[in-house]
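There are 2 protein chains.
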Amino acid sequence: MKLHGYFRSSASYRVRIALNLKGLGADHLPHHLRKGEQRDPAYLALNPQGLVPTLQDDQGAIITQSLAIIEWLEETDPEPPLLPKDPLRRAKIRAFAMALACDTHPLQNLKVLGRLRQIGLSEEQVTEWAAWANREGLSACETLIADEPGPFCFGAKPTIADLCLVPQLANARRFGVEVAAFPRLLKAEAAAKNLKAFADAAPERQPDAE
Amino acid sequence: MKLHGYFRSSASYRVRIALNLKGLGADHLPHHLRKGEQRDPAYLALNPQGLVPTLQDDQGAIITQSLAIIEWLEETDPEPPLLPKDPLRRAKIRAFAMALACDTHPLQNLKVLGRLRQIGLSEEQVTEWAAWANREGLSACETLIADEPGPFCFGAKPTIADLCLVPQLANARRFGVEVAAFPRLLKAEAAAKNLKAFADAAPERQPDAE
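If you're matching them up, the sequences are chains V and Y in order. Its first residue numbered 1, the first sequence is counted upward by one per residue in this note's numbering. Its first residue numbered 211, the second sequence is counted upward by one per residue in this note's numbering.
Bound-form chain V, shown alone:
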């Protein structure tokens, strides 16, 4: 398999964790987002959104969107599971993941922040926008798992909720969000970071890290 990504992309980071947890190897092909490499015609032919990640399987099939890739990995390589079997638990975990993957991360990715700068927002306003998006999403997530004993977001093992949480917390810190306000999320992050699968997927451990 080939994973087209970028070291600092939190959507790529989610997929790297999933591959590591499942013990799957992939060639990592970096596309430098700050240099605009995701808009190269050759890459747009793979991913018409011009976003990372994109997965190519061994037969050349192309899958875009991090959560679609992770659900595909879960269906084709089910062990260890990243979702439990119970439909209601699966729904709760997907909802947590989507609170970050739909309503948080897309509001503060490079493309959207670039658009805000184009419109004329100052650097300070752009950072405050990104911090706001992170605070809103993470606050809701803190409440969603308030009654979950953990240590991970949902139970004793990592799920797709943790795959979305750890990269999002890294973003939140980068934008100056006071993450101490989210003790339950930090507990899950600490459990995750003890696992080699998460540690090896971190941005600073990638070959394209700057």
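Calculated directly from the structure, the hints in this document are not laboratory data. Keep in mind the model is a prediction, meaning the values are calculated, not measured. Beta carbons are placed, not taken as given, at the ideal position from N, Cα and C, and that holds for glycine. Fair warning: there could be bad hints in the mix.
What the hints assert, rightly or not - One side of the interface only, derived from the structure: several residues of chain Y facing chain V at Cβ under 10 Å:
#1 S276
#2 I279
#3 W282
#4 E289
#5 D313
#6 H315
#7 L326
#8 R327
#9 T337
#10 E338
#11 W339
#12 A341
#13 W342
#14 C351
#15 T353
#16 L396
To be verified - With a straight-line cut-off of 16 Å between C-alpha atoms, the simulated EDC-like cross-links for lysine to aspartate or glutamate are:
#17 K295(Y) x E75(V)
#18 K397(Y) x E334(Y)
#19 K22(V) x E75(V)
#20 K295(Y) x E284(Y)
#21 K85(V) x E284(Y)
#22 K111(V) x D58(V)
#23 K367(Y) x D250(Y)
#24 K321(Y) x E136(V)
#25 K111(V) x E285(Y)
#26 K295(Y) x E74(V)
#27 K2(V) x D86(V)
#28 K85(V) x E346(Y)
As the list claims (entries may be wrong) - Below, a sample of chain Y positions facing chain V; criterion: calculated Cβ distance under 8 Å:
#29 P258
#30 L277
#31 A305
Got chain V sorted already, so can you dock chain Y onto it with the hints?
Frame of chain V, contents of chain Y only:
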């Protein structure tokens, strides 16, 4: 079941279509987003994001996030299926749905547009922002299914891709996007709108429509 929603919310609209396609009844409980009813403490206790929709099942269990609700419906009431069995097809369909549900709709929902106004953007700039988000997402989706014969997004029957597409096209038109640029998407929309399940889910057909 109870579905907390809002007639014009495209995320609620997706779930209404899914319920109709599966022949499932639900009490529809409207929350007037423009009046801020989604921020009532009683509603926030159900959905800490303060977004619609929220589903409560007959046992009182709560599920948030439209795509998590739809995946749960698919797992608990599999007929008729909204996703095929083949993992790669499922991944392609989920990726299309998420290009809209993650990277398009959340950039132009009421909450985000309200924030842009707070920052000081003019009404014209806010509309142009929303139109941009729709154009970017729909353009990518047009390419994603360019080679799909249809008539629906992925084949002869509706899938979760169509559930996301039809509400998004309604938004795009509301923001002045020239949707004639997306003939393949319009073909899928036309097929969908011929189905009673889609027609009955339309915003203007809901009891809280204004």
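Status of the hints after comparison with the structure:
1. S276: The hint holds - S276(Y) has a Cβ within 10 Å of chain V, the shortest such distance being about 8 Å.
2. I279: Holds - the Cβ of I279(Y) comes within 10 Å of chain V, reaching about 7 Å at its closest.
3. W282: Since the shortest Cβ distance to chain V is 4 Å, the answer is holds.
4. E289: 15 Å, violated
5. D313: Given a least distance of 5 Å, the restraint on D313(Y) holds.
6. H315: Check passed: Cβ of H315(Y) comes within 8 Å of chain V, closer than 10 Å.
7. L326: Interface hint status for L326(Y): holds (9 Å vs cutoff 10 Å).
8. R327: 13 Å, violated
9. T337: 12 Å, violated
10. E338: 9 Å, holds
11. W339: Hint holds; W339(Y) Cβ to chain V Cβ min 7 Å, cut 10 Å.
12. A341: Where the cut-off is 10 Å and the nearest Cβ of chain V is about 12 Å from A341(Y), the hint is violated.
13. W342: 7 Å, holds
14. C351: 8 Å, holds
15. T353: 4 Å, holds
16. L396: Check failed: Cβ of L396(Y) comes no nearer than 18 Å to chain V, outside 10 Å.
17. K295(Y) x E75(V): Status holds; Cα separation ~10 Å.
18. K397(Y) x E334(Y): 30 Å, violated
19. K22(V) x E75(V): 12 Å, holds
20. K295(Y) x E284(Y): Roughly 12 Å separates the two Cα atoms, so the pair holds.
21. K85(V) x E284(Y): 14 Å, holds
22. K111(V) x D58(V): Distance of about 30 Å is beyond 16 Å: violated.
23. K367(Y) x D250(Y): 39 Å, violated
24. K321(Y) x E136(V): Judged against 16 Å, a Cα distance of about 11 Å means the pair holds.
25. K111(V) x E285(Y): Outside the cut-off at roughly 34 Å; violated.
26. K295(Y) x E74(V): 14 Å, holds
27. K2(V) x D86(V): Given that 16 Å is the threshold and the Cα spacing comes to 31 Å, the pair is violated.
28. K85(V) x E346(Y): 36 Å, violated
29. P258: This hint holds: P258(Y) lies near chain V, its Cβ roughly 4 Å from the closest one there, short of 8 Å.
30. L277: At about 6 Å, which falls below the 8 Å cut-off, the nearest Cβ of chain V leaves the hint on L277(Y) intact, so it holds.
31. A305: 4 Å, holds
Checked against the numbered hints above, the structure breaks hints 4, 8, 9, 12, 16, 18, 22, 23, 25, 27 and 28 and satisfies the rest.
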